[in-house]
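Residue numbers (numbering that gives the first Met the number 0), protein chains in the order written: chain A, 0 to 316; chain B, 0 to 255.
It cannot be assumed that every hint is accurate.
Label-pair ranges, simulated between beta-carbon atoms [what the hints assert, rightly or not]:
id	chain 1	residue 1	chain 2	residue 2	range
1	B	D123	A	R2	29 to 39 Å
2	A	R216	B	L74	51 to 61 Å
3	B	G105	A	A8	28 to 38 Å
4	B	S179	A	A6	30 to 40 Å
5	A	V118	B	L62	49 to 59 Å
6	A	R124	B	G105	35 to 45 Å
7	A	R124	B	L62	46 to 56 Å
8	B	E210	A	R2	51 to 61 Å
9	B	D253	A	L133	56 to 66 Å
10	B	G105	A	A186	44 to 54 Å
11	A	R124	B	E210	50 to 60 Å
For the record, the hints were derived by calculation from the structure and aren't laboratory data.
All values reported here derive from a predicted model rather than from experimental measurement.
Even glycine gets a Cβ: it sits at the ideal position worked out from N, Cα and C.
Here is how the chains run, residue by residue.
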Amino acid sequence: MSRAAVAAAGLAGLALLSLTIGVGDFDAFDLTSDRASQRLLWVSRLPRTLAVLLTGASMATAGVIMQVIARNRFVEPTTAGTGQGAALGLLAVTLFAPATPLFLRMAAASLAALASTAVFLVIVRRLPPTQPLLVPLVGLVYGGVLGAAETFIAYQADLLQYLAVWLNGEFSGVLAGRYELLWVSGAVAALAYLVADRFTIASLGRDASLGLGLNYRRIVGLGLAMVAIITALVVVTVGMIPFVGLVVPNLVSRVMGDNLRRTLPWVALTGAGLVLVCDILGRLIRYPYEIPVGTVFGVVGSVLFLYLLLHEPRRAA
Amino acid sequence: MIEIDRVSHGFGRSPVLRDVSLRIPKGGITALIGPNGAGKSTLLSLMARLIPLQAGRIAFDGLDVSRTPSNELALKLAVLRQDTAIATRLTVRDLVTFGRYPRSGGRPGPEDHAAVGRALAEFDLGSLAGRFLDELSGGQRQRAFVAMTFAQAADYLLLDEPLNSLDLTYARALMHRLRSLADDHGRTVVVVLHDINYAAAWADRIVALREGAVVAEGTPAEVIRPDHLRSIYGVRISVIRHGDAPLALHHLADPG
Chain A
0 MSRAAVAAAG LAGLALLSLT IGVGDFDAFD LTSDRASQRL LWVSRLPRTL
50 AVLLTGASMA TAGVIMQVIA RNRFVEPTTA GTGQGAALGL LAVTLFAPAT
100 PLFLRMAAAS LAALASTAVF LVIVRRLPPT QPLLVPLVGL VYGGVLGAAE
150 TFIAYQADLL QYLAVWLNGE FSGVLAGRYE LLWVSGAVAA LAYLVADRFT
200 IASLGRDASL GLGLNYRRIV GLGLAMVAII TALVVVTVGM IPFVGLVVPN
250 LVSRVMGDNL RRTLPWVALT GAGLVLVCDI LGRLIRYPYE IPVGTVFGVV
300 GSVLFLYLLL HEPRRAA
Chain B
0 MIEIDRVSHG FGRSPVLRDV SLRIPKGGIT ALIGPNGAGK STLLSLMARL
50 IPLQAGRIAF DGLDVSRTPS NELALKLAVL RQDTAIATRL TVRDLVTFGR
100 YPRSGGRPGP EDHAAVGRAL AEFDLGSLAG RFLDELSGGQ RQRAFVAMTF
150 AQAADYLLLD EPLNSLDLTY ARALMHRLRS LADDHGRTVV VVLHDINYAA
200 AWADRIVALR EGAVVAEGTP AEVIRPDHLR SIYGVRISVI RHGDAPLALH
250 HLADPG
């Protein structure tokens, strides 16, 4: 329990730190009297910090779910065509129905993400189970093909700028009124916790799930929907942030195992904390300019991931 | 009792089971034997509703597997397949606790924890309870999975070639434990076995399949006979007696 308290306190400290960092004049000690600082806090600093936390927590959760339903540790929504699918859906809506309200754009992005991830799963099921590394490789190729198609369409339609915003996540544009959809993705991640046991059993395989009386197809379908919704919401609001869903679950699994009832809160917490650290770094490194969080996370995440790969857990026989 | 009535099954065009009818009485160990491709594993998977039935009917104590809800069947029968390459990092205790899922619905109570404790003790896993599955040897992991099916406390236990990948010490210990499940806990064990001598030594009944049909069934002494073995495996095998059980000398050259 105390470990959780320490982690929560650490995250709260980071969040407070995040509130104080930025280019605008901000006086944390004068908040009661300084109205400009108050406004800055409510309109920009707090929304940005919350957006970072929600994104980190829900993308890490989506990563775990993706790994369960693909039965492979090395996949995540951005390497399984999910993010690209969401962007494709958005692109289609922007092209054919530019006046569509946000909620419907959201739905289109989610459906496209769902479809592209389902196709990925169908492909993956045909790969030999003895070659687990084929799965992420196929995912990268598949995502690349979808990405190329998007780039071509966007180039033809003069929409490359939009595509860049969706595919490269960063938080500098987050203001009150423009990030609130992320609460929905946070809520979906919280829902995942309610069915954590089922996901853990699903990770033991189809036969084990059926043997325990669970409907395996339904669990996979549910996971697929959750991954698609979370990813689509993140792509719509802040853009794709690669690696979070890959690195964080593997990190937590190494330390605490895969009993999701126990580990999912840690996955969410670690995801939120790690993305927040990277966002803070991105704001500080070349202050007053910013480095996109995706770039910082790419560096930090790959170092962490290399560490995980090179330090295999101990095994008997 | 397990009733199997006129079950046929095929993958694509090739038939795997042809009109199999079988009664497996409650209690004891029943071994399914036969050459590769005889349909043993398919029959077991159909019994465990891991594959949907195409034709025929299978019922456990009157519960039809294709009509009874899956979670209800999970209270009646537990299944262990060779689902190799388990990548999930669960502790042995957590894994065995998931065996209680059909009863606990994910909220294990005192009764469930007691059952998990008994399963860990029964399979000698007490000292390994906190270890992750990927830190165990193949034999230990196998034991953990059998303990999980034991904790499920179902009347029927279906195991698909559980001796694969076990060396002879573990293989013997596992058969010993299955024997005790049947004798001391009143479970009915149905097990697919590759080695007919394990079946002869440990099972109460043997069902032999060949090309999707039952070719012999009965006690080990009734089934493990040169004439039956010839019709099951298509080769000539001498059989001697060792103690009470027949012993097939299948590893020796054709007696000529």
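Status of the hints after comparison with the structure:
| no. | hint | in the structure |
| --- | --- | --- |
| 1 | D123/B <-> R2/A: 29 to 39 Å | holds, 31 Å |
| 2 | R216/A <-> L74/B: 51 to 61 Å | violated, 21 Å |
| 3 | G105/B <-> A8/A: 28 to 38 Å | holds, 30 Å |
| 4 | S179/B <-> A6/A: 30 to 40 Å | violated, 45 Å |
| 5 | V118/A <-> L62/B: 49 to 59 Å | violated, 38 Å |
| 6 | R124/A <-> G105/B: 35 to 45 Å | violated, 27 Å |
| 7 | R124/A <-> L62/B: 46 to 56 Å | violated, 31 Å |
| 8 | E210/B <-> R2/A: 51 to 61 Å | holds, 59 Å |
| 9 | D253/B <-> L133/A: 56 to 66 Å | violated, 44 Å |
| 10 | G105/B <-> A186/A: 44 to 54 Å | violated, 21 Å |
| 11 | R124/A <-> E210/B: 50 to 60 Å | violated, 29 Å |
Hint violations for this structure: numbers 2, 4, 5, 6, 7, 9, 10 and 11, all remaining hints satisfied.
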